[in-house]
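Each of the two chains sits in its own frame; use the hints to bring them together as a complex.
Chain by chain, the residues:
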Amino acid sequence: MPFDPLEFLTTAKNLSNGNTESQFRTSISRSYYSVFLLIRDKIETKYGKFQLKRHGEIHQKVNDKLLELRLFKIASKLDGLRKNRRDADYFLSLTIGQNDAENSWKLANNIYQLIQASL
Amino acid sequence: MFDPYPQATFSDTIPTTLSNITIPQTIVQRKAPKIEFVGLKISPEVSEFLNNNPSVTIRMCEITDKVNNALGLDIVPQLEIIHDEESDEFSKLAFVYGIQGKTYDDLLKIWDDVAEQVYTNLDLETSKRISIVLDTV
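These protein sequences, in sequence, are chains A and B. Each residue of the first sequence is one higher than the one before, starting from 1 at the first, in the numbering used here. Each residue of the second sequence is one higher than the one before, starting from 1 at the first, in the numbering used here.
These aren't lab readings, by the way, just hints derived from the structure by calculation. Please note: incorrect hints may appear among the correct ones.
To be verified - List of simulated lysine-lysine pairs, DSS-like, C-alpha gap at most 27 angstroms: (1) B/Lys109 with A/Lys83; (2) A/Lys83 with B/Lys102; (3) B/Lys41 with A/Lys83.
To be verified - Looking from chain B toward chain A, a few residues come up when the C-beta cut is under 8 angstroms (computed): (4) Val46; (5) Glu48; (6) Asp84; (7) Glu85; (8) Ser87; (9) Tyr104; (10) Leu108; (11) Ile110; (12) Asp112; (13) Ala115; (14) Thr120; (15) Asp123; (16) Leu124; (17) Lys128; (18) Ser131; (19) Val133.
Even for Gly, the Cβ is constructed at its ideal location relative to N, Cα and C.
Only chain B is shown next, with the shape it has when bound in the complex (with noise of 0.2 angstroms):
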């Protein structure tokens, strides 16, 4: 079947961990619409939010390998685009995990240490682009 969007996959160009690691905008940029991080699936849509906010692109890995130190686990997130439905200047990037065996009480609990693992050392104008959403499956 024909792919409109050709995958790019990075792991030849990036290691598999990213934190504290300065990514090339360029790199990022040139690449095919469709993005593939290390097991990421990314949608055009998506591919195109981070060509627009290289700032986010370059601190996924650490961001996800925060958000999973966190958790105790490795979960690849689903990423999606928030569009703000009141004001549609904004959009962020969410990362959205869904998680086994978890009541909600708990994820509650857990989500306090996400967010302070997450944002703590993120720059503002990266904080405000950007959402962590837990849930159960």
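So that you can see chain A by itself, here it is in the shape it has in the complex (with noise of 0.2 angstroms):
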């Protein structure tokens, strides 16, 4: 059985309520991926795989279809959270705290109920 990358969710939220950076990271990257993989799929099972020239621009062709779908909302959305999780991953100058994992999560969670009202 695939993966259900709702799990991440739950993963998200049980590490925002740590009490490391590392864990707050953590828990940002996860929601990010949760509802990203979960649109991903969504969109390739209605309109077929995406082509891709190289791996890592799956990231914004998600978010370009989403705009061509006019999904504004999710499209928006899921553009801050990708932000969050960047800075989250990659940026180790940046403090990142419990109100950021937090927040993110709520992001992810609302991002998913405009899925399940849309997509």
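Listed below in structure tokens is the structure:
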């Protein structure tokens, strides 16, 4: 049975209740991937596989497709969550706190609700 | 102190409200690398992005007007270039709004209105080059 990316959302919530920056950063990353993977799979099921020149393009391709489908709320919020995830995964000079992790989880959870309603 | 990026102020050539006004791209491109758009401070990196993406440049004020209308506030966003760490070919301009006096739950509701107002009448190519980010301060 395929892995359900929503399990990442549960993991993200648990990590956001932790007490280390490592946990907060990982929480943000899992929040992003929970909804990103869900959206990617839903789009590919409905519209076919994304054609990629490079694997890293998938994040932008998914966001572009949401804009083409005029799912603006999801596109904009996923884009914001992607920025949080980029900060958490790559920018070590930034201080990432529990509030950042909690807000990213809230954002991911909100995106999930929007997906359920419109995708 | 020496400023390697002398400022150019557009307020003498461009009206304060730019909605529905097409700015000749040559004006934008010929000015100094650090641009000030009536209170918007723009870094050299953002300036370079704007020079390379004139469709974003000419709609910047329209975008910020729409966000502020949706917010019911008058906030100057911080402009950041977001590079995709997994795909170095891509970058976009983020309008980052730090909002006081609201909870993050409030912002999530407001964000829906902001997204609809900004993107509904924006051409697709420009939409793909921008990002709107709301956060609490």
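Numbered hints the structure breaks, given as an ascending list: Numbers 4, 5, 11, 15 - these are the hints that the structure violates, sorted from lowest upward.
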